[in-house]
Amino acid sequence: MRYSGFKVLVQGLTGNRGWAPVWRTPDPRPAYDIVIIGGGGHGLSTAFYLAKTHGLRNIAVLEKGYLGGGNIGRNTTIVRADYSLPGNSEFYSHSLKLWEGLERELNFNVMHSQRGVIRLFHSDGQRDHYVFAGNAIANRGDGAELLDQDGLRRLVPYLDYDNARFPILGGLLHRRGGTARHDAVAWGYARGADGLGVDLVQNCEVTGIDIRNGAVTGVQTGRGPIRARKVAIVVAGRSSQVAAMAGLRLPIESHVLQAFVTEGLKPVVNHVISFGMGHFYISQSDKGGLVFGGDLDFYASYAQRGNLARQEQVMEAAMTLMPMIGKARVLRSWGGIMDMTPDGSPIIDKTPVDGLFLNAGWCYGGFKAVPASGEAFAHLIATGRPHPVARRFRLDRFRSGHLIDEEGAGSQHNLH
Amino acid sequence: MRIKCPLCGERDLREFTYRGAALPRPAPDAPDEAWDAYLHLRDNPAGPTRDLWHHRAGCSAWLVVRRDTATHEIFGVELATRSRAVRA
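So the sequences go chain by chain: A and B.
What the first sequence shows, in the working numbering, is residues 1 to 416, in sequence order.
What the second sequence shows, in the working numbering, is residues 1 to 88, in sequence order.
Fair warning: there could be bad hints in the mix.
Quick look at which bits of chain B chain A covers, simulated, 3 or more residues with Cβ under 8 Å [to be verified]:
no., stretch
1, 3–14
2, 30–40
3, 67–81
Cβ-Cβ distance ranges computed for the label pairs, FRET-style [to be verified]:
no., chain 1, residue 1, chain 2, residue 2, range
4, B, Pro-28, A, Val-22, 52 to 60 Å
5, B, Ala-27, A, Gly-222, 37 to 45 Å
6, A, Tyr-158, B, Ala-57, 29 to 37 Å
7, A, Ala-309, B, Gly-76, 19 to 27 Å
8, B, Arg-11, A, Glu-316, 18 to 26 Å
Under the rule of at most 25 Å between Cα atoms (straight-line distance), these lysine to aspartate or glutamate pairs were calculated in the DMTMM-like manner [what the hints assert, rightly or not]:
no., chain 1, residue 1, chain 2, residue 2
9, A, Lys-64, B, Asp-68
10, A, Lys-64, A, Asp-33
11, A, Lys-350, B, Asp-43
12, A, Lys-350, A, Glu-205
13, A, Lys-64, B, Asp-43
14, A, Lys-350, B, Glu-33
I should point out that these hints are in silico values taken from the structure, not numbers from a laboratory.
For every residue, glycine included, the Cβ atom is placed at its ideal position computed from N, Cα and C.
Could you put together the complete structure from these sequences and hints?
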C-alpha cells in the first residue's frame, strides 16, 4: 500500500480499519542467494538497496529478535555530515544526501528534521580547530558556518555563556544536520525491502556459519539450516560473536554508550547542540523529551546498562552548559552496545572467507550512516567491488596503518 | 562498579582507567601478524574476560581484573606484574 495524505484522511474518517500489516512474516525458505544476518537499520537498508538498486530478489534478512530492536532503536537520532578526514568525509556526505531524499524513496515518514547541529567552542585553540573542521565540511558542500558569540546568542540564548570554567565563545553551525525518528527508519527500510520481495525473518537466531573449502555455503539457525551463496554479517553490537562463528577475530571491542531522556517539555531546544568541553550533546524529540548523552563508559561491556559514574558526569556537563535543565526530570536512561574499532571508524569489507561480507564497527555513529552503509554494503555484496564512498573502510587497515582516526586519539579501542 | 586493588583495597570505579584486554605482549621482533593481533584484534567475549586497569587516582599500579562483561561482576584482581595473563 502506498501511503499518502489522502489515505490518512480517508482512513481517519473511516475508523482506521483499512490499514494492512506493513510487512509479511514469512517462514525461512531452505535456500537463498543472499542471507543478511541482522535486521537492524544497516541490515534492512542493505536488503532494500540490494533489491532496489541491484534488482536482486532472492534475499532473506535473519533477525534473532524483532526488526529494529537493537541500536537503531536505542540511539540519540542525530544525523549529520561534519567529518573532516578522507574516508569518513565523503561517506557521511553521501549519506546525508540519501537522507534528504529518503522519505520520498521509501514513501515513509522518517521525520527527518534538518534543524541544524551546533558544536560549541570554548577556547581560541578549539575555535581554530573548528575553522579547520568547518572548511572541510564546506569544501564537501555540506554547509558549515562559524558563529561568534553574538551570532550564537541569537540562536540559542539559554546557554551559560559566561561560565567561569568553560565560557562559550561561539559555535560551528552545520545547518543540514539534525535528527530523524530512529524507529521509523528501520520500519521504512523494512517495508521497502519487504515490498521488493525480501523475506524478513524474525525470531531467527543464527547459531553457525557453514564454510566449505574456504567459501560460505549457508548458516545454521534456530529455525533450521539455510543455504546461501552469499552471507552478510550486519550485527553491530554482537559482531565479534557472529564473526567468531566463521573463525574470524575482529578489531572490535564492545563498549556501553548511555543515553538519557527527560519528561516531555514545551519546545525549547531547537537544534542539536554539542558541548565542546567534556563530551555532551542534546536535542529535543518531537514528543518534547530532551534527549542527551555523553561519552562511552570506557570499558568493555555488553551489559546494555550504564554506570553511575558516567551518569553523574553527563548530568554535570548538562548543568554546566544549560543550567535551566536542572528543572527537568530525567525520565529514563539506557545503554547500547557499541562496536568500537581501534580508530573510531567503521568496516564495510569482504572477509577472508569467500562469499562472507562484514559490515561492523560503527562505534557510536551508526545511525546517521544507515542509508549510505546499506547502499555501500549492497554494492559490495552485489558487485564484489567496494562502493566509491566506502572503499577506505577496510578490515585490514589497522595492520596496514591506513587509519581513519577522526579525533587523532590513537589506535586503541577505548580512546574514541 | 568497585574494584578491589590488591594494594589499596576496594575503591570506586572513578579511581581507575581502563586500558584494554590483558594479552601477552609479542617479542619485539615478532612478525607483523602477531603485533596486529596484539594491538587490534580482540576475542571481545560477552562473558568472563581479563583486562588491564590502571589505578590512576590511587597507588598507580597496573592491575589485571577478571570480570564478566555481561554482568559487571568482578571475580578477582591481581597486580599485572604478578599476572600470567600478560606474560608471553
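Cross-check of the supplied hints:
Chain A is given as covering the stretch 3–14 of chain B, and this holds because 3 residues of the stretch bring a CB closer than 8 Å to a CB of that chain, at least three being needed. Counting residues of the stretch 30–40 of chain B whose beta carbon lies closer than 8 Å to any beta carbon of chain A gives 6, which reaches the threshold of three, so the coverage claim holds. For the stretch 67–81 of chain B, the stated coverage by chain A holds: 4 residues have a C-beta nearer than 8 Å to a C-beta of that chain, and at least 3 were required. Distance hint for B/Pro-28 and A/Val-22: a CB-CB separation of about 59 Å, consistent with the stated range 52 to 60 Å.
At about 44 Å, the beta-carbon gap between B/Ala-27 and A/Gly-222 stays in the expected band of 37 to 45 Å. The beta-carbon spacing between A/Tyr-158 and B/Ala-57, approximately 34 Å, falls within the hinted interval of 29 to 37 Å. The hinted range of 19 to 27 Å is satisfied by A/Ala-309 and B/Gly-76, whose Cβ atoms lie roughly 22 Å apart. A hinted range of 18 to 26 Å holds for the C-beta pair B/Arg-11 and A/Glu-316, which are about 21 Å apart.
Of the supplied pair hints, the one linking A/Lys-64 and B/Asp-68 holds, its CA atoms being roughly 23 Å apart against a limit of 25 Å. Restraint check for A/Lys-64 and A/Asp-33: satisfied, since their Cα atoms lie roughly 20 Å apart, inside the 25 Å limit. Between the alpha carbons of A/Lys-350 and B/Asp-43 the distance comes to roughly 20 Å, so the proposed pair stays at or under 25 Å and holds. For the proposed pair A/Lys-350 and A/Glu-205, the alpha carbon gap of about 22 Å is at most 25 Å, so the pair holds.
A distance of roughly 22 Å separates the Cα atoms of A/Lys-64 and B/Asp-43; the hinted pair therefore holds under the 25 Å criterion. Of the supplied pair hints, the one linking A/Lys-350 and B/Glu-33 holds, its CA atoms being roughly 19 Å apart against a limit of 25 Å.
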